[in-house]
Every structure is written in structure tokens, then in C-alpha cells.
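With chain U held as given, fit chain C onto it using these hints.
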Amino acid sequence: MQQEPSAGGEVTGVAEDDLPARGLRTCFDQHSVDGCRVREPGAVGRNNLFGWHIDGIGEGASDPHGRRFGLALVLVRRAGIDKLGISSADRALHIEENHLPALDTLGVARMLAAAVAAEKPDLVLTGLQSDDLGAGQTGVVMAELLGVPHATIIMHVEVEGAALRVKRELEDGWFQNIGLPLPAVLTIQSGINKLRYATLMGIKRAKTKEIKRLTATDLGVAPAPSVAVIEKVYPPAKTKQAQIFEGDARSAAAKLVEKLKYEARIL
Amino acid sequence: MSILAILEHSGGQWHRMSWEALAAAQQFAAAMGVPLNIAVAGAGVSALAAEAATKNAAKVYAVEHPLLGDYTADGYTAALEALVRNVNPALVVLPHTYRTRDFAPKLATRFARVLIGDVVAARFDGGSPVFVRQLFQGKLNADVRPVGDGPHFVSLQAGAWRADTVESGAAVVETFSPQLDAAAIRQRPEPPFREAARGVDLTTAERIVSVGRGIKEKENIPVVQALAEALGAELAASRPICDAGWLPMERQVGSSGQTVSPKLYLAVGISGAIQHLVGMKGAKTIVAINKDADAPIFEVADYGIVGDLFEVVPALVEEVKKAKA
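Those protein sequences? They're chains U and C, same order as listed.
Mind the numbering: the first sequence is residues -2 to 264 in our numbering, read in order.
Mind the numbering: the second sequence is residues 53 to 377 in our numbering, read in order.
Calculated from the structure, these hints are not laboratory results.
For every residue, glycine included, the Cβ atom is placed at its ideal position computed from N, Cα and C.
It is possible that some hints are incorrect.
What the hints assert, rightly or not - Computed spacing ranges between beta-carbons, pair by pair: (1) U:Lys117 x C:Pro243: 30 to 38 Å; (2) C:Thr256 x U:Lys204: 50 to 58 Å; (3) U:Gly158 x C:Val199: 40 to 48 Å; (4) U:Pro232 x C:Val252: 34 to 42 Å.
To be verified - To be clear about the criterion: a stretch of chain C counts as covered by chain U if any three or more of its residues have a C-beta under 8 Å from a C-beta of chain U, and this derived list gives those stretches: (5) 193 to 202; (6) 236 to 244.
Excised from the complex, chain U in its bound form:
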């Protein structure tokens, strides 16, 4: 799944120390564990928001090698910024705000939209949804705030003159091509391209890139109270109790087969 910059770096009501214990990795952790994998120019990275200047419109944005990012905009909640994302971009913006966890999607999108508007990109790409809050709407909300058209769940992008033709995923294996004018916001579905790992050179090069640090005050965005408040976070109640077979692989497999044969009667 592709990821969007999501509201709330920390989960309300769950002590941070509890997170690893539950086997959870926040998006931030995923950066450090997996390394944020960023793709060829012309595609989209995980967990990052890229504004993309298309220079030479008409060359074909689907060509994975002919173009460069004009801008990478990265939102990271705590310390650190995605070095790998920067390595394939010219520069980065880092929005630093202590109150980010208290914001809802609209609050986060307001800050992103303010930062993006100042850059005047032709195309803004976001992930589809985050692995943590999974709201799946930051890109769409940002498009509305920027006053530009959007298309979601995109699998392929072509530039046709001053417009885009994008392939949108529908349900049950259907797709649809949609034309829309630039500037525009697209939210990108996983599978659009192969993610690549950063090279050592890329990581070294990232250190030379400009990172502009911005706060809500810099962006002129007054923090607005959240209109959807997370009151409580808790493990879901089990609705079904699975019979778990223990022991070594062989005896667990034998017990399972017996159940499938005599209890579920499907062998």
C-alpha cells in the first residue's frame, strides 16, 4: 500500500513504548526499518509527498528515465527526514510542528497545501493512504484546498500536452482512464512501479541537498481545532476465537489436518 502523510505521529491513548510490543511499526519506524524506498524519477515514493515540476511537457511523464524531480516535500513527524527521498529530489521541505499529532486530516492538509501552493508545482503526487491512521484522504483534501483537480488510486500517468491522462483503479479488477488538466493532484496506488532501495551514493548525495524547514507560523496556517477527535485507541475485541495448534511444525500440521478432515470436513 502506498502511504500518505497522515495526521498524528503518535497514537493517542497508547504509550509509545507499547507500540513495538504490539508488533506495530509506525510509518516513521518504517522509514528507519525498511529505509524509505523511492523509485525512479517519474514515480512516487512511500510516505512522502512529492511536488513535481514537469519540465518539457509533452515528453511523456511515463518515461521513467527522462525526467527529474523539481521538488520533494517530506513530512516527518518527529526528528529526521527521509534521506532516501531527498536523494532523488533536488530539494526538500520539512514541516516541523509539535502539535501535528493533535491535528486531523484537514489540519495536516492545510499545512501541506500552504507549503505546496508556494512552490507552484504542476503536479503533486501523494500516496493513497498511510499504514497507521489510514485516512486515505490527505491528497484529495489538499487538491480541494489548492483549487486544483485530482484523481485517486492511480496506476499509470501519461502527459498529453498541458493535461494528464491517468489510469485509475476501480473495484473488482476494473480500470478507467481519466483526463484532467494540470496543475493537478494524484494519489498513487501501489504496484505503479517497482520501489528501489537507496544506494550509498544516493544517501551521501542526500546530505548535500537543501532542506527547508517550515513551521505552521512560517506557512501562515493557524492551527484549527480538530473536527474528528480520536478519543480512545484499543485492541479490537476478538469476534472469532481461532483454534491455534502449537508444538513443532509436524505435530501442528498433523493436528490441523485432523481438524480439517473430521471437524470442518473439507478434506
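Same frame as chain U, now just chain C:
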């Protein structure tokens, strides 16, 4: 104060989740003690509106405009914004479909609200709603309370409410004709298409062995292939496996792939992201093999083995062969 349920259709056919959303909206209206209205948007929706009017609701708004014939985010947002301003509901209820994900966040932003999306449950404290959403791919639940005046917007997860609990009734149909400007609709949709004729129809398979990220490498696929062969099952996969090209897209189970309900669904190395679960939780018997005892797949499984699939699966192949001998 009222609730507005926005139902989805395309090409004159209802989206199956529309009735789930309507069933939920009826329950919300009862809990909040407010009337329920229904909206159906499109070009020529009178037959659909008439059908919706046989359900328990006060009014059905047939939101009619020639520019709503083909779905566009701009067209739907403009039309439904006009309706919501006119009706002024406390709560707008939608099915959490791909289409809702495309326009509802934009619609909510017009009202300085956010979409509380992919909701799995609701409760009401003295008439005020609290919605339950899943976080971290279903590992945690969160109670989300809409704050401030309505309209608030919620979309409901597939299968979270039952379509067969929709109450019948007799609603009044009212046509609502929004003012739409063709120039303000910036998306140019083309007809939907499928990539290729499906070679594999997983929906009719009696047994499915499905593989996820736990398999680690393409070279390991034969490990689960052997199990599928031993069981006489079709081989399927979660999205990351198909994204990586390890198995063809036509073998994908989940919200963006096929929805299956076999007699046996055996999930190997699949954690159970909600996008996968919605595609297979209707299976009669679900078996999960995963090294993470906390993986959400065990929440829907009937039987499970917590362990290394590279040990468990070959052992299972042998046991299955023995049992069949």
C-alpha cells in the same frame, strides 16, 4: 436535524454496499431520534430513486443533472454540496467505496469537516455518535467523535453492516436539480475497462491457498504451490505479491482483486490487512499460518498455526497427502 444516506450506483446498477450503508443509516437515525433521507445522484435516476423509496426513510432525493451521467469527482462534489447545504443534515452516511474515497473527502472539506472513513462500528452516547475506525491495518481500533456542528461525514466499511437488515417503508421521492457548470468539471472520464479476460475465476474455487509477504521471495512460491496442489486448491495471493509480479494480478484476493467465499481458505504468510480481509472473510473455513501471533488474520481464522511457514507448509503437504492416501 436529520441523516442523509448517499447511495451509489453505476450504469443503473446499485453498488452492493449501498444497502449496507442504508441499513446503518437507518440504525443511526433510530439511535439519534432523527429522520433519515436518501440521496441518489445521476442522470436519469428516477427508477433507482423509486426503488430506494421502498425502504424506510422520510425522503429520497433524486439528484438529477445530465452532467452527473458519468461519475466525476468535481461533478459529484458540486451536486452533493448543493444538496447537503439545502437539506442541512447532522450526518452524511456513505458506503466506503473507491468512489466515496475519490469525492467524499473533497465534499467534507467544503464544509470544513473531515471524512470519518472506513468505519466498522458506531455507538451513541445520549444521541451523539462515536465511530470506530481501524488503525495500523486493523491491529488497533480507535473511537472517533465528530466535534462541533454538522454536517459530519462517515463512510462505512464493506461488510460492517448487513444489507439484509434494511427496513422497508415508503419514502417520498423529491427531485433535486443542482446548478452545475460543465466548465467546472475538470475530469474527463473514459469508459471503464478490464485488462484482459480473466484466466482464473477464484470466485468459484472450493479451496484456495493464498500467499502473502511472508513468502519473502518469488523463488519461494513453489513452497505454497505444492500445498495448493496437495489440497486440489487454486493458488491466490495478497496484493503485495501481485504488485511485485510474483503471481499475476488475476490471482489477487482483496478489495482491489477478487472477492471469494470458498469452503476452505488457507492464508500463508498473510498478515490480514483489511483490504485483504474484505475479499475473503466470507470463506466457510479459514486457516492462517503466520509467524506473528498478533497478526489480524488470526481474528478471522477458524484454525491457526503460529510458526515459520517454511517449516509448517512442507509438513502440512505431507500430512495432507497422508490424510488423502
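Provide an ascending list of the numbers of those earlier hints which the structure does not satisfy.
Those not satisfied: there are none.
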